[in-house]
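Residue numbers (our numbering), protein chains in the order written: chain L, 78 to 581; chain R, 18 to 340; chain G, 392 to 534.
Don't read these hints as lab results, they were simulated from the structure. Hints are supplied without guarantee of correctness; some may be wrong.
[Claimed, not checked] Which chain L residues stay away from chain R? Per the calculated CB distances, all over 12 Å, these:
| hint | residue |
| --- | --- |
| 1 | I235 |
| 2 | D366 |
| 3 | E509 |
| 4 | G523 |
| 5 | L560 |
[To be verified] Derived, one-sided and incomplete: chain R residues facing chain L with beta-carbon distance under 8 Å:
| hint | residue |
| --- | --- |
| 6 | L73 |
| 7 | V74 |
| 8 | T81 |
| 9 | A124 |
| 10 | V162 |
| 11 | G165 |
| 12 | G176 |
| 13 | G177 |
| 14 | V201 |
| 15 | Q202 |
| 16 | G230 |
| 17 | P255 |
| 18 | I323 |
It should be emphasised that the depicted structure is a prediction, and the values quoted were computed from it without experimental measurement. Beta carbons: idealized from backbone N, C-alpha and C, even for Gly.
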Amino acid sequence: METLSLLAGGFAVALTPLNIALLLLGCFSGTLIGALPGLGPVNGVAILIPLTFAFGFDATSSLILLSSVYFGAMYGGRISSILLNIPGDEPAVMTTLDGYPMAQRGRAADALAISGVASFFGATVAVIGLTLFAPALARAAIHFGPSDYFALYVLAFITIGGISGVDPRKTLVSALLGLMIATVGLDPISGIPRYTFENYHIYDGVDPIVALVGLFALSEILMLLEKAAIDRAKPIGLDSWLPDVRTIWTTRWAILRGSIVGFVAGVLPGAGASLGSVMAYSMEKQTSDKDGTFGKGDPRGVAAPEAGNNAASGGALIPMLSLGVPGSGTTAVMLAMLISLNVQPGPLLFERQPDLVWGLVASLYMANVALLFLNLPMIGLFSRLMLVPTWALMPIVAAVSFVGVFSISNSGFDLQLMIAFGVLGYLLRKLEVSLVPLVLGLLLGGDMERNLRRAMSISDGDWSVLIASPISITLYILTTAFLGLSIWLARRDHKRTQIRNFEG
Amino acid sequence: MKIFTTTSTTLAAALGAAVSFGAPASATECIAPSAPGGGWDFTCRTIGRILTELDLVDGNVQVTNMPGGVGAVTFAMVATERPADEDLIVATSTVGITQIAQGRYPAPVDTMRYLAMLGADVGVIAVDDDSPIESLEQLTEMLAVDPGSLVTAGSSGAGGWDHIRLLMVAREGGLDSLGDVRWVQFDGGTDAVTQMMGGQIDVVSTDLGEIAGFVESGDIRILAALSDDPIPAFPDIPTAKSQGIDVTGYNWRGLYTGGEVSDEAYDEWVSDLETLYNSEAWQTAAVESGLIPIWRGGAEFSDFVIEEAQAMEEISRDIGVIE
Amino acid sequence: MTVRLAGVAIFMIAALYTWYGRDYTASFGDVLGPSVFPVIVGIPAMILSASLAVFPTGQVQWPDSPHMLRQVAALAILLGYALLLRDLGFPLATFGLILGIGIVLGGAPLRAVILAAVFAPALWALFDQVLGLPLAFLGRWFD
Chain L
78 METLSLLAGG FAVALTPLNI ALLLLGCFSG TLIGALPGLG PVNGVAILIP
128 LTFAFGFDAT SSLILLSSVY FGAMYGGRIS SILLNIPGDE PAVMTTLDGY
178 PMAQRGRAAD ALAISGVASF FGATVAVIGL TLFAPALARA AIHFGPSDYF
228 ALYVLAFITI GGISGVDPRK TLVSALLGLM IATVGLDPIS GIPRYTFENY
278 HIYDGVDPIV ALVGLFALSE ILMLLEKAAI DRAKPIGLDS WLPDVRTIWT
328 TRWAILRGSI VGFVAGVLPG AGASLGSVMA YSMEKQTSDK DGTFGKGDPR
378 GVAAPEAGNN AASGGALIPM LSLGVPGSGT TAVMLAMLIS LNVQPGPLLF
428 ERQPDLVWGL VASLYMANVA LLFLNLPMIG LFSRLMLVPT WALMPIVAAV
478 SFVGVFSISN SGFDLQLMIA FGVLGYLLRK LEVSLVPLVL GLLLGGDMER
528 NLRRAMSISD GDWSVLIASP ISITLYILTT AFLGLSIWLA RRDHKRTQIR
578 NFEG
Chain R
18 MKIFTTTSTT LAAALGAAVS FGAPASATEC IAPSAPGGGW DFTCRTIGRI
68 LTELDLVDGN VQVTNMPGGV GAVTFAMVAT ERPADEDLIV ATSTVGITQI
118 AQGRYPAPVD TMRYLAMLGA DVGVIAVDDD SPIESLEQLT EMLAVDPGSL
168 VTAGSSGAGG WDHIRLLMVA REGGLDSLGD VRWVQFDGGT DAVTQMMGGQ
218 IDVVSTDLGE IAGFVESGDI RILAALSDDP IPAFPDIPTA KSQGIDVTGY
268 NWRGLYTGGE VSDEAYDEWV SDLETLYNSE AWQTAAVESG LIPIWRGGAE
318 FSDFVIEEAQ AMEEISRDIG VIE
Chain G
392 MTVRLAGVAI FMIAALYTWY GRDYTASFGD VLGPSVFPVI VGIPAMILSA
442 SLAVFPTGQV QWPDSPHMLR QVAALAILLG YALLLRDLGF PLATFGLILG
492 IGIVLGGAPL RAVILAAVFA PALWALFDQV LGLPLAFLGR WFD
């Protein structure tokens, strides 16, 4: 129980009046930064790092400020996902699937509350997991080799197939387009540029944020322009200012399942929060989508990925702290944050600076508690955004998206690329092609390819390396089982609809 | 007007909360040609912080991230748009010079004025703690006899600095068919080391700074440091030179400014950076992040960079990375 | 019909992608090479898009020409913003953007002017002054 007393020590260090003030300030400004399309946790923390130096805070206070901004921005990203159908950051993509339909049906307050509660429980599961198993899990995670990662990505893409869409071929095409875009840029393994057409601006590939904002925010403006002017001037409306507690209670099992799935995905270095939320959503859809309500505003479709991505972000701290491996964009921010405080994560961090590690865990946990209590009362305020007519709301969204992207990359080219993605997003939506698989292909494709090539370099060109380890074999068995189950469920549903149609 | 009140209340609250800790605008800018995190970002943020602390600049130093083409986008932008901007400094390192030497930037190395090198990371050759390989000599022999017998890895792609350093060692140890060495790229030195601990690969060639924790914890062993002298923090690690392999491989961190910056402004930057280099704050920050503080400034540094670029080009050609 | 056309278009893109991808080669030190993954991705994309062209599903309702004109106007405003941002400086360009999109979306011109006049400087202040992300107040044309 040594870790528990260390954690208690962490809380003792963290709970001072200054730190609590910083915590609230961080959560609040983080939520606002995250709610601005185009700015996410990465930018929020990068913006605030110099400020912590300017004020000369000690390491614990800086950590508290930065982690509260980080979680605040993660939560803020959900707000724009749910209210505007614009994911504020990568892991928030899954939240648009059911969150936005809920908001359109006047249940924005419910969706925001579920997202807050689910995030809180996801983070709680992660902190408990971190406290109990961190060192053991870190040691186990190193046995995941390139071929195992490749198998994991195959599983992830197969589960994407079940996510959404009328025609599975369209979902697959969308994912493949995402994978194609992921290969654009300087190939990190061979150093040669691919599909860049001598344009230096895309040598680093397509920034997922540029694609995300273009695909979701700008295409939304084009969709709105199709409607008659009268409809557009009307706000969407709101059934209630207050979230319904019973609705939140119905999502309890979704939250629990999402948290566990997300945590496991997070512990693997390199998998990260995006994968955590994808897995959590598709597992939840598979287990509980009996009436085909997922994708049409099912509260469980908000709860599972929200719990999943927060549990994954927490779980991802294990390889980040104990191995120093920044698996994903989100953990890379935390790593940059620690390094800027002169803390080098690695195998000795837990032994050498336990006060700092447990101070961090305590501050992450406090940030989540603070967010829950800060944001639940503010749901009424946020959901009032739904009452702003689109002619006033969408120009601001467009301006913020542009400036958010521009202020980070300082590149006019990125803005043009964003517009191109806006047109692509609009065309795909007209064709009933879901955009989520495309974004996931773009996010995960690079790592999928690199791990395939790493595995082949290790085996010197022998393809059998892909099924040589027990881990990858297990993952392929899971993939097959998942595929079989999806087909079986689809057939059963098909028969049911036929019977229903017959009877009707 | 009710429509405005809700949104503008939110925004006003944001402004109000944030103005209280807003940073003053400043003229000095340091561009990190990469995303946040990583070596160039560290250089800019640390140097920016210390420049402010020592009052060498007015106000804060604005750190801008401008990722693209391993520094090529920034290089092109400075060359065409801000060649005479005296308030602009850009982070670079051996990695950037390697890119220039291999013709991957849009302009040659002497387009810019190089200010100073403030520290360097040392390249090392590492194996797992229970690896049968005990010495650098044993490693180079194994590679010379059968280049494909070992899987080597590091944080750069094929033909990048980590790979070139390893091949230089192998060539010095008697290997001719350098293309037969199996190389696996990982996204960072720690990724490569953890994969080695997991038994996927045999040898890692990368910078010491990032992986020093694994050396201290005994998870990995360093066969050789590619430095002239033993590393102060790890005096027991033998250099490659002391084992008869005459190869050094530093990854230095430094800064450049536009090619048309006046001599006065250039000299002022060099002297400010020298003050910064000699400060307690830099010496501490550098050592804590695994760098060895090394000073080269002004004309001496410029000559060094140009020579290094030429040397790098020759090595790349010899090894076969470029035509 | 639209779905068939889209299938054909995606097929062409995937085919070009695969064709280009085949030629990428690494000099050494990379066993699988940079061309295999594009081929692995490109070929199924070709097959699936071809099947969409032959067996299309779903109907697409395109907007009528007045609405389509509005969409083109919106795109022109967005593109103009991207191209003129550096020249005009941030508050001016953003004023034009908010005003233009506001009107295209059906807002009354006067209200759109007020909206733009309030938010363009406010956003500049938020990003440049508060968040410390530098944005030019006046662009290159005013130097």
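Holds or violated: the hint that I323 (chain R) contacts chain L, with Cβ atoms closer than 8 Å. Violated. Min distance 22 Å.
Could you check that no beta carbon of chain R comes within 12 Å of the beta carbon of L560 (chain L)? About 28 Å separates L560 (chain L) from the closest Cβ of chain R, which puts it past 12 Å; holds.
Taking the least C-beta to C-beta distance, is V74 (chain R) closer than 8 Å to chain L? Since chain L brings no Cβ nearer than about 13 Å to V74 (chain R), farther than 8 Å, the hint is violated.
Taking the least C-beta to C-beta distance, is P255 (chain R) closer than 8 Å to chain L? It is violated, given that the least Cβ distance between P255 (chain R) and chain L is near 23 Å, above 8 Å.
Let's test the interface hint: is any C-beta of chain L closer than 8 Å to that of L73 (chain R)? violated, 15 Å
Using the nearest Cβ pair, does T81 (chain R) come within less than 8 Å of chain L? holds, 6 Å
Assertion that E509 (chain L) lies farther than 12 Å from chain R (Cβ): holds, 32 Å
Claimed clearance of chain R by I235 (chain L), with the beta carbon kept past 12 Å: I235 (chain L) is indeed farther than 12 Å from all Cβ atoms of chain R, at 24 Å.
Residue hint V201 (chain R), partner chain L, criterion CB-CB below 8 Å: holds, 5 Å
Does Q202 (chain R) meet its interface restraint, that is, does its C-beta lie within less than 8 Å of any C-beta in chain L? Cβ of Q202 (chain R) sits 5 Å from chain L, so the hint holds.
Residue hint G176 (chain R), partner chain L, criterion CB-CB below 8 Å: holds, 5 Å
Hey, does the G165 (chain R) contact hint survive, CB to chain L under 8 Å? Result: holds, 6 Å to nearest chain L Cβ.
Violated hints for the displayed structure, listed by number in ascending order: 4, 6, 7, 9, 10, 17, 18.
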